[in-house]
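Asker: Residue numbers (my numbering), protein chains in the order written: chain A, 1 to 121; chain B, 1 to 121; chain C, 1 to 121; chain D, 1 to 121.
FYI, nobody ran anything at the bench for these hints, they're computed from the structure. Please read all numbers here as calculations on a predicted model, not as lab measurements. The beta carbon of each residue, even a glycine, is placed where N, CA and C say it ideally should be.
25 Å max Cα-Cα, derived BS3-like pairs, lysine-lysine:
1. 97/B <-> 87/A
2. 11/C <-> 111/D
3. 96/B <-> 67/A
4. 11/C <-> 96/D
5. 11/B <-> 87/B
6. 97/D <-> 67/C
7. 11/D <-> 87/D
8. 104/A <-> 11/B
Coverage of chain B stretches by chain D, computed from C-beta distances (three or more under 8 Å per stretch; other residues unrestricted):
9. 25-37
10. 41-47
Protein chains: 4
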Amino acid sequence: MPDIIDFLRLKAQLQNFADARDWNGFHHPKNLCMALSVETAELVEIYQWMTESESNNACHDPVVREKTAEELADILLYLTRIADLMKINISEAVEKKLAINNQKYPADTVKGSAKKYNEYF
Amino acid sequence: MPDIIDFLRLKAQLQNFADARDWNGFHHPKNLCMALSVETAELVEIYQWMTESESNNACHDPVVREKTAEELADILLYLTRIADLMKINISEAVEKKLAINNQKYPADTVKGSAKKYNEYF
Amino acid sequence: MPDIIDFLRLKAQLQNFADARDWNGFHHPKNLCMALSVETAELVEIYQWMTESESNNACHDPVVREKTAEELADILLYLTRIADLMKINISEAVEKKLAINNQKYPADTVKGSAKKYNEYF
Amino acid sequence: MPDIIDFLRLKAQLQNFADARDWNGFHHPKNLCMALSVETAELVEIYQWMTESESNNACHDPVVREKTAEELADILLYLTRIADLMKINISEAVEKKLAINNQKYPADTVKGSAKKYNEYF
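The following block holds chain A by itself, in its conformation from the complex (with noise of 0.2 Å):
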């Protein structure tokens, strides 16, 4: 099954779901960029609790792997549309980001040192 998203066209959609409810005057930046954060935690609130172990195994939950779906979508939603009111391309600005990381994270540096994972301990 394939997962594809068109941003353009989903960056329209939510701009005419906020003009008809006239939410324009709320969406600016810093208010989505604080409800992204809200949403946020709403799924961490869900592994909160959880061992490493049942962390591993939570896709086998149909309950949790809902629960997570809504809220990576509500996540995926305020990132569109805070994009969208910056003028930000998606897919691009997340190619910049995957170069950045190739660079920064050489596979045969990296390997095994997991240095990245232990800056503080």
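Based on these hints, arrange chains B, C and D on the given structure of chain A.
Answerer: Positioned in the frame of chain A, the structure of chains B, C and D alone reads:
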């Protein structure tokens, strides 16, 4: 300029990236949700001291736009990674959520009242 | 009316609370940081759609004040629990931080320039 | 060693700090909640890639302890500032919340069942 993401392809790319660095032990959903929340805070940090009008005009500032694009990309990459591990189809989750929001906030009832935005005052 | 907290007493109270409920297995620092971040988002949620002037006047609204008080208490309780498990003296940490801030933001240099608040624009 | 905070005194200290730097325009509750959430994420960042056992042993690592103490202090300072602007007595709010928690999670019912911690699975 189009703005399309093929999440099947992106999921595979991120899995290869983690494989090549032996990072799979770190990448379970609980950890990735924490990482996503840290990236979200880096987005919030950009806007935290802005006034409403500065926030509304932020799209004209190339530095703020660039920084925002980078944080949105970070968030989207962790979101994609979580979706992959949780076997979630992102575009499907988004469509489902859009339908829920349409039912939850009918345009004619909500319009003008902005009830959603006045829950606490 | 005084506003004093004896954190040694509060730490002991919270430890007893967790003991009586067999919650110690859940209460390690990683989980408690996640829980603290979820409570923080509940605080953010109260203010997310307010304008600046609504935020400035929020102290006159008893419902917002009560809700804010409750979320601040939740945050402080998790903060105290983390400090206890990490063997941190809270008042000492605060004094140390105040001294750092005094050095980092000297009143005469910072005044008016608000540089701290203009990092990104 | 005692661990006591007089919040009336701390509130006044922070108000003086803001006055001396002309920061009152930035310090309304909405902005301060965002700032508190950014500090919370800096706390989460310390623990995000730790295993459960690393988290349990983190108190023996002086670097992690020091970093944690600093972030907890940052959180408590913003929390105190918000309480001051919202005219909230912190110790009173905490006492109230402890009473609520005692009622909400009666030791004999909750013990062993850990229902609170299994809401989603």
